Every structure is written in structure tokens, then in C-alpha cells.
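Participant: Starting from the known structure of chain A, arrange chain B on it as the hints suggest.
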Amino acid sequence: MALPWQSSSTGLHEGGFRREVDFILYLMSRGDLEESLFLIERLKASDPVRADSLNYLEGWVLYRQQRLMASAMRLLNVSESSPVYHKSRLFGAYNLAHSGNTVRAASELTSVRVNKGSMPAAMKNLQMGGVALLRRDLDTYLLHQEEFSGGFHVMALEERRMHQHYETIRDNPPRSPFIGGLLSAAVPGLGRVYAGKAPEGIVSFLYVAALGALSYDIYRGKGPGHPLFIVSASATGIFYLGNIAGGAAAVRRMNNEFRYEIDQRILFDMHIPLRNAFN
Amino acid sequence: MRLISVFCLICIFLCATPLTERLFAEGSGKWLERADSLYGEGLWFEASIAYERVYYLSDDAQQRVLANLRKAEAMKQSGEFSRAAGDLQRSLVFTADDSLRAEVLYQLALCFYLDGDYSASRSFIMQLRHDRGNSSGRQEVFLLEGLVMSAQSQWNEIAGHLDYWLLESGAPGMVRDSIVQYYKVNFLLGQPDSIPDPGRAKLFSTFIPGTGQVYAGAPGWGVLNAASQLASLGAFGLMALNGYYIAAVIAGLGPFQAFYFGGIRQAGEIAEQKRNSRLVSFRAAVDGFLINVAAELEN
Chain A
1 MALPWQSSST
11 GLHEGGFRRE
21 VDFILYLMSR
31 GDLEESLFLI
41 ERLKASDPVR
51 ADSLNYLEGW
61 VLYRQQRLMA
71 SAMRLLNVSE
81 SSPVYHKSRL
91 FGAYNLAHSG
101 NTVRAASELT
111 SVRVNKGSMP
121 AAMKNLQMGG
131 VALLRRDLDT
141 YLLHQEEFSG
151 GFHVMALEER
161 RMHQHYETIR
171 DNPPRSPFIG
181 GLLSAAVPGL
191 GRVYAGKAPE
201 GIVSFLYVAA
211 LGALSYDIYR
221 GKGPGHPLFI
231 VSASATGIFY
241 LGNIAGGAAA
251 VRRMNNEFRY
261 EIDQRILFDM
271 HIPLRNAFN
Chain B
280 MRLISVFCLI
290 CIFLCATPLT
300 ERLFAEGSGK
310 WLERADSLYG
320 EGLWFEASIA
330 YERVYYLSDD
340 AQQRVLANLR
350 KAEAMKQSGE
360 FSRAAGDLQR
370 SLVFTADDSL
380 RAEVLYQLAL
390 CFYLDGDYSA
400 SRSFIMQLRH
410 DRGNSSGRQE
420 VFLLEGLVMS
430 AQSQWNEIAG
440 HLDYWLLESG
450 APGMVRDSIV
460 QYYKVNFLLG
470 QPDSIPDPGR
480 AKLFSTFIPG
490 TGQVYAGAPG
500 WGVLNAASQL
510 ASLGAFGLMA
520 LNGYYIAAVI
530 AGLGPFQAFY
540 FGGIRQAGEI
550 AEQKRNSRLV
560 SFRAAVDGFL
570 INVAAELEN
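First to last, the sequence lines map onto chains A and B. For what it's worth, this note's numbering labels the leading residue of the first sequence as 1, then goes sequentially. For what it's worth, this note's numbering labels the leading residue of the second sequence as 280, then goes sequentially.
No lab work stands behind these hints, which were simulated from the structure alone. Remember, it's a predicted structure, so these values are computed and weren't measured experimentally. Even for Gly, the Cβ is constructed at its ideal location relative to N, Cα and C. Honestly, I wouldn't trust all of these hints.
[Claimed, not checked] Here's a subset of chain B near chain A, in silico, CB distances under 10 Å, partners left out:
| id | residue |
| --- | --- |
| 1 | E331 |
| 2 | E447 |
| 3 | G522 |
| 4 | I529 |
[As the list claims (entries may be wrong)] The calculated label-pair distances, taken between Cβ atoms and stated as ranges, are:
| id | chain 1 | residue 1 | chain 2 | residue 2 | range |
| --- | --- | --- | --- | --- | --- |
| 5 | A | S46 | B | D396 | 43 to 49 Å |
| 6 | A | L182 | B | T485 | 44 to 50 Å |
| 7 | B | A519 | A | D171 | 51 to 57 Å |
| 8 | B | S556 | A | D171 | 52 to 58 Å |
| 9 | B | F540 | A | A235 | 20 to 26 Å |
Okay, chain A solo, but in the shape it has when bound (with noise of 0.2 Å):
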């Protein structure tokens, strides 16, 4: 893909603003990313060209560097006439959605312009198919998912992998912390069980026995009334407790950790297409 630098429409062959770009570019491939940053920062844009050139520079240096929300807004401010618009907008979005700001990514994603049929147009549908899915919106992937085509090599394996996630949240729906502490108050550590993580359940089922069976063993020595005993039930109570909102805690914690890992992967199948198609 042509660079705007690199037309000859753009008349930016001349003239020390195409060198120091180039300069630039050598910097970015060396991989020197702070330097080329510092460099672009000092560069005056004069025209719309110039200045579509400069934030798709700072925005990729930026995406490199992994600043993906400074690098957001440099790559959507790139223009629908710059030769690397839909990169930028794609990118853009990405970075957003990356950025946990999904409700912006999919109205940018929303805006891109497109011709329909394209590879542009299929790469958008399958971005807005993710998005919907880290936004756990199933209806409007499904929306998205009937134009899946298949037809570019370089989605088709993300498409079918991206309806593979939205099978897995559509059959793994979040489980109930509340039934976790329910659990928890019946057998103290039932609910860590439930929420997939047997060994705490079971060091949380032995800490509660063991203290209970403690102010058992003071209790048939010294009777109710001793404040050995009271403290040891008073220590046993708290721990049950406790074991009532580990229990809830881990479910919600499960949850968390199966939403994240599966945001993870759709990221994923959402980076690798844009990847191979713009670089």
C-alpha cells in the first residue's frame, strides 16, 4: 500500500519534509520508536497530507510502542482521503476495543466507509462481529455473523474462530455468586468448589474444621461460659463467615477470569486479520 509520502499526486517527493519522513521510517524499522516519536512530535504539518501522514506515523509508532489509546486518537484523526485510512480506522478501533472502550470502538467502527464487497468492507464486519462479542452483545454478532463470507484468506480462520467464541459465551453463562455463598453457608467451602477451584475449597473446609473441632475440644473442657471458648467460636464464626464471602468471591472471580481470557482470544482473532492484511 502506497504512503502518502511515497505518491506522487501528494507532491511530497521533494523538499526536506519527505526526507525527514524517510528518516523516520528508517528510525521505525531499527525499531527505534522513541526516536522516531521525538522526531514526528517536532514535525509541522501544513497541509491536510502532511498532516494525515503525521498522525498515521505518530499513531503506529504509538501502537508499536503499545500506547493503544494515544495511538487511537492519532490514527483516527487520519483522513478518508489518505491512501491509509482504512488501516488507520481499523487500527483505531482496535485499539479502542483493546483499550476496553468498546461503546467508542463500535461507533468508529460504525463511521468507516467502505465500498461493498471489498476486503476493507469484510475486515469492518468482522471488527464490529468482535466488538459485539467483548461487549457481549450476542444479537447484533449474529447481525454481523450473516455476512461472514469467508471469501478473503486472510479472516476466513478468524471468522469461523470468532464464531466459535460467540458459541462458547453463548453456552458458559456467568455463574451465580449468590448460589456460591449458599453453597458456602452449607458446606464451608462448597462454593470455591462450585466455582471451579476445588483445592481452596478444600484448605477453606479445613480451616473451618479445624477450628470448629478446637472450640469443640474447649467447650467439652471448660463449658460455654469460658472465654477460652468464647473466643475460639467467636474466631470460628468469623471464619465461617468469611468462608460464606470467599465462596461468593470466587465465583465472581471465576467469572472474571473466563471473560477476560475469552476477550483475550477475540482481541486476538480481531489483531491477527488486520495484521496480515494492512502490513
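Facilitator: For chain B alone, coordinates are given in the frame of chain A:
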């Protein structure tokens, strides 16, 4: 009239084009001057970019090596030793000027040493020796090799290196012998051995609680750990004798096993820390000695 027009055009060109463009037009020589000036002002980051620009613009291989070396200097000032070494490796193919090549090899060895990659540093010193033979006998090369040996804890090898270094530097035989002897007596005989050995400290604490910590040089921790174990065992016995068997196991044996196994682990950690700190101070003393030798030879 024509001359005036040309003069006006030149003036407009000089005023209208930015500094960058002018410098580009004037070539890499101007950038080298600018880079040197930035370096002189202590602007290491800006200077390193300017030197890289010279490397990028220049068609003269020698100037490129020179720019690369100066860039490495600027990067060293910023503490970016690894990147400086990476950049310097670009100039390894340059063979037209022996002294420049030797400088590249020396700087590579130095950057790797500063980056903590002692094996790589050693390999470039060996390459320097191979390239230049005995004529590579610059004080700083000998010093760097000694420092690398010190970093690699090759205390015995340093004695031989010192002897060779002094011989190559033309030091009189008596002076040479006395310096090498001084090193052997003050450093080689007192070099840090494996004491305190973490394994042994753990073993001591396994059989007699607290003794591992005492052996590692932390008697306070040893006494505290032994007392904790005795107290928890005492609590266990007292509760068991009074018929509180469950309480004895949970509140007596529970803490005891934690103190016992924790004590063993702690003894090992303390021994490890002591050994490392002894090694660091010994290495610093050897480095200081080698630097003093270099300074004396320089004078």
C-alpha cells in the same frame, strides 16, 4: 542584475527552508558538527539521533563508523548499554582502518560489560587480541579484561592476567612481582569461598533449630526461631496433658511445624544473602585494585 537575483534567491532559500532541510542539503558533515554540539551540551538523546542521522546520510564508511562510535558514547551516557552494543555491531564489518576497528571492538566489549553480559564482553576482547596481537596492549583493554574476570569470579586467572598486563606495559620485574604478590596475598588468599553454605545452614537448622541461622551469621534470628519452636512445643505438651487433644494439635503442633520448616528455609536464605554480600564487597575491592594498577601504569 542577474547576480542580485541569484543572491536574493539564495537568501530566500536559506530563510524559508527549515534548519533540518538546510542541514540535509549541507550533508552529513554538518550533522556531525551538530551532533557533537548536542553531545557537548549534554543532550544525549538528541545527540544520539543526530549521530544516527550521520550514519544514515553518509556514504563515507569511515564517517559512518565514527558516527556510530560517538552515538555509542551518547547512549552510554544515557545508560543504554545494550542498545549501544547492538548499534556498534553494525560497524564490525568495517576493516579499512585498524585503529577504528580496534576502537569498535573495545567499545563493544565495554558496552557488553556495562550491560552485564560478561561472556560477550570477553569474546570481543579476545577478538581484539586476535586482530591486533600484542599491539592491542592498551591499558583500558587490560583493565576491562581484568574487570570482566572479576565479574566472572575468576580470581586465580586475574593473577596471571595481572602478570601479563604488567609485562606488556613494560613495568620493571621487581614492581611486577610485588604487585602480583600483593594481589595474591591480599585477595587470592582471602577470596570468598562457599562460606556460609546455604545447604549446610539448612542442614544445621533441620537437626538443631536455630543453629543454621547462627552459622549464617544471624544469631538473633536463630535464638528467636529456637524459642518459637520451644514455646509451640510447650503449648502442645501443656494442652495435651490437660486433655485438650484437638486444641493441642491445632494450636500447638500447627505453629510448631510452621516455625520448624520456616526456620530451615530462613537459615538457607540468610546464608545466601551473606555469601552474596561478601562476594559483592570482595569484587568491589578487586575492581578497585585493578583500577588503581591501571592508574599507576598510566602515570
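Participant: Minimum Cβ distance from I529 (chain B) to chain A below 10 Å?
Facilitator: Since chain A brings a Cβ to about 5 Å from I529 (chain B), closer than 10 Å, the hint holds.
Participant: Lying within 51 to 57 Å: is that true of the beta-carbon distance A519 (chain B) to D171 (chain A)?
Facilitator: Given a distance of about 55 Å, which is inside 51 to 57 Å, the answer is holds.
Participant: Less than 10 Å between beta-carbons is the criterion; does G522 (chain B) satisfy it with respect to chain A?
Facilitator: Cβ of G522 (chain B) sits 6 Å from chain A, so the hint holds.
Participant: Given a cut of 10 Å on the nearest C-beta pair, is the interface hint for E331 (chain B) held or broken against chain A?
Facilitator: holds, 7 Å
Participant: Could one say that the CB atoms of F540 (chain B) and A235 (chain A) fall in the range 20 to 26 Å?
Facilitator: Holds, since F540 (chain B) and A235 (chain A) (Cβ atoms, about 24 Å apart) stay within the stated range.
Participant: Indicate whether the distance between the beta carbons of L182 (chain A) and T485 (chain B) respects the range 44 to 50 Å.
Facilitator: Since L182 (chain A) and T485 (chain B) have Cβ atoms about 46 Å apart, the given range 44 to 50 Å holds.
Participant: How does the Cβ-Cβ distance of S46 (chain A) and D396 (chain B) compare with 43 to 49 Å: does it lie in that range?
Facilitator: holds, 46 Å
Participant: Hint validation: E447 (chain B) versus chain A, beta carbon distance must be below 10 Å. Holds or violated?
Facilitator: Because about 39 Å separates E447 (chain B) from the closest Cβ in chain A, which is outside the 10 Å limit, the hint is violated.
Participant: Given a hint of 52 to 58 Å, does the C-beta separation of S556 (chain B) and D171 (chain A) actually sit inside it?
Facilitator: holds, 57 Å
Checked against the numbered hints given earlier, the structure breaks only hint 2 and satisfies all the rest.
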